[in-house]
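Q: As they're listed, the protein sequences go chains A and B.
According to UniProt numbering, the first sequence is numbered sequentially starting from 1.
According to UniProt numbering, the second sequence is numbered sequentially starting from 1.
These are calculated hints, taken from the structure and not from any lab test.
Just so you know, not all the hints are guaranteed correct.
What the hints assert, rightly or not - Below, computed lysine-lysine pairings styled on BS3-like, alpha-carbon distance capped at 27 Å:
#1 B:K244 to B:K118
#2 A:K143 to B:K124
#3 A:K148 to B:K244
#4 A:K48 to B:K124
#5 B:K118 to A:K48
#6 B:K244 to B:K195
Claimed, not checked - Facing chain A, according to a computed beta carbon distance under 7 Å, are these residues of chain B, among others:
#7 R7
#8 V9
#9 S30
#10 V252
For glycine and all other residues, C-beta sits at the position ideal for the given N, C-alpha and C.
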Amino acid sequence: MSGPEDDGFAAFVAARGTSLLRVAYLACGDDREAEDLLQTALERTYRKWDRVRYDNPEPYVRRVIVNTAISRARRRAILRIIPTHTPPELPVRETDVDLRHVLMDALRALPPRQRAVVVLRYWEDLGETQTAEILGCSAGTVKSQASKALTKLRSAIGAQSVEGLIRNVHA
Amino acid sequence: MLEDDLRQVMADETAHLRAAPDLVDRVIRSSRRRRTVRTRYVAVAAAAAVVGITVPAGLILASGPAVVSGPAAEGVAAVVSPDSTGSAVPQPFEPPPLPTPSPTPSPTLDFGDLSDGKAFGRVKVGYLPDGLQWSHRSSDWGDAYTTSWNYDGDKNGFYCVQIFVHEGQALQEARERVQSYRFDSKGRSSRDDSKGEEVTIGDRTGYLITQWVGEDGGKGTPTMFLDMGPERMAEIMLSPVFVKDLGTREAVERELKKIAQGLTATDGDPGTTSEAPAADGGDAGKATEAPAGG
Numbered sequence: 001m002s003g004p005e006d007d008g009f010a011a012f013v014a015a016r017g018t019s020l021l022r023v024a025y026l027a028c029g030d031d032r033e034a035e036d037l038l039q040t041a042l043e044r045t046y047r048k049w050d051r052v053r054y055d056n057p058e059p060y061v062r063r064v065i066v067n068t069a070i071s072r073a074r075r076r077a078i079l080r081i082i083p084t085h086t087p088p089e090l091p092v093r094e095t096d097v098d099l100r101h102v103l104m105d106a107l108r109a110l111p112p113r114q115r116a117v118v119v120l121r122y123w124e125d126l127g128e129t130q131t132a133e134i135l136g137c138s139a140g141t142v143k144s145q146a147s148k149a150l151t152k153l154r155s156a157i158g159a160q161s162v163e164g165l166i167r168n169v170h171a
Numbered sequence: 001m002l003e004d005d006l007r008q009v010m011a012d013e014t015a016h017l018r019a020a021p022d023l024v025d026r027v028i029r030s031s032r033r034r035r036t037v038r039t040r041y042v043a044v045a046a047a048a049a050v051v052g053i054t055v056p057a058g059l060i061l062a063s064g065p066a067v068v069s070g071p072a073a074e075g076v077a078a079v080v081s082p083d084s085t086g087s088a089v090p091q092p093f094e095p096p097p098l099p100t101p102s103p104t105p106s107p108t109l110d111f112g113d114l115s116d117g118k119a120f121g122r123v124k125v126g127y128l129p130d131g132l133q134w135s136h137r138s139s140d141w142g143d144a145y146t147t148s149w150n151y152d153g154d155k156n157g158f159y160c161v162q163i164f165v166h167e168g169q170a171l172q173e174a175r176e177r178v179q180s181y182r183f184d185s186k187g188r189s190s191r192d193d194s195k196g197e198e199v200t201i202g203d204r205t206g207y208l209i210t211q212w213v214g215e216d217g218g219k220g221t222p223t224m225f226l227d228m229g230p231e232r233m234a235e236i237m238l239s240p241v242f243v244k245d246l247g248t249r250e251a252v253e254r255e256l257k258k259i260a261q262g263l264t265a266t267d268g269d270p271g272t273t274s275e276a277p278a279a280d281g282g283d284a285g286k287a288t289e290a291p292a293g294g
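With the rest of the complex left out, here is chain A (with noise of 0.2 Å):
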């Protein structure tokens, strides 16, 4: 790739860096491999920058992230590095800190795919459409993936509703 091209590239990453590695943290829920899930996108992305740079590069960036994290959550799910996750006993609530924990513990909770529809809908407000093309599956799956997860994310915050806990929290 000539200098031209690098520099295509480097302003990408500058412009759009950061908010790729919240999706990659958002995916897959560590600091660390969020870092090494974006660096893999982006060589990736770098390799193909003569064909991606003419398109919106991001929309491919973030593809490959999300499925390299459903990927190596596959392979971690089965390896059993990380252990079969159950949901957190509901704890005291007594700051802000615990309720975003308990949130955020379930969302890691959930079955890679459905995390990432999560992330792709509400982060990244991305429609069904947009979410299935980038998963490779189809609306529908997407439709009742982000269902499920809706439900399991209301369950594992208990029965009082979340809007409701954040207002007493923030109050």
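With chain A's structure known, arrange chain B on it following the hints.
A: For chain B alone, coordinates are given in the frame of chain A:
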């Protein structure tokens, strides 16, 4: 609303994250290093051909023994050639320039219209179960690519058969995954019936297992990992929905083996040829079990 609160929590949780200032440098350095290794690898074969050195193909394909690196050869690859005494002497050479990228980039990162979808990437599908059509959906990540087939050819429909092909870096990840199936956490061979089994498909080997792929419900995804030579592995998956339609475990395994048998490379990669099985399923018997644990 839960969705809004999720957004808020996710924003709070990621607010501290910033991309590292040297990220671009690391990415470019790492990519170039990988590309240089690949270029050297090709150059070894080219240089050997130019100077008339007889290097066994297997040696070149195995890469390692043919390339010498060390402090004196930093940035330069070396060819191992026999000297007059028959011992190996490193001969430095300049790697050829990198190929010029195509001036007409493809705007899409899928394969476009594949007709019946049977030829995609660098492989060709010789057999599919009756009644399936190409889903019109494919993805191409460069060193990994995939497409699928279902009943109605609907892009938004559920898949019945999906094939992933892993090459390059993706191949390593796929092999690690298969190894994790083969051995338990203590490194012992997994002979439990619930685990996978080694199979041979014609002159190739494969690993048959039901994967848990993270979705809720269903009884998993029956999958055949097919070794397609040193540079490629195919992952053939049957969806849990399609498995129900097939009925029995025997039928599922038979179909997976037949699809694997018919899957061939289109780039002439060695060790990747096989015959397309007959549509009546008579060839499934060619796929025989091998001792587990390899």
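Q: Identify whether the interface hint at B:R7 stands, where standing means a beta carbon of chain A within less than 7 Å of its own.
A: With Cβ-Cβ at 5 Å, under 7 Å, it holds.
Q: If you take the shortest Cβ to Cβ gap from B:V252 to chain A, is it below 7 Å?
A: 20 Å, violated
Q: Take the C-alpha atoms of A:K143 and B:K124, compute the straight-line distance between them, and say whether it is at most 27 Å.
A: 33 Å, violated
Q: Could you grab the alpha-carbon distance between B:K244 and B:K195 and see if it respects the 27 Å cut-off?
A: 20 Å, holds
Q: Is the straight-line distance between the alpha-carbon of B:K118 and that of A:K48 27 Å or less?
A: 25 Å, holds
Q: Mind checking the alpha carbons of A:K148 and B:K244 for me, to see if they're no more than 27 Å apart?
A: 22 Å, holds
Q: Verify the interface restraint on B:V9: the C-beta must sit less than 7 Å from at least one C-beta of chain A.
A: 5 Å, holds
Q: For the pair we were handed, A:K48 and B:K124, check the Cα-Cα distance against 27 Å.
A: The given pair, whose Cα atoms are some 24 Å apart, holds under the 27 Å limit.
Q: Keeping to a limit of 27 Å between CA atoms, is the pair of B:K244 and B:K118 held or broken?
A: 24 Å, holds
Q: Interface hint check: B:S30, Cβ to nearest Cβ on chain A, cutoff 7 Å. Holds or violated?
A: Holds, because the Cβ-Cβ distance from B:S30 to chain A comes to roughly 6 Å (cut-off 7 Å).
Checked against the numbered hints listed earlier, the structure breaks hints 2, 10; every other hint is satisfied.
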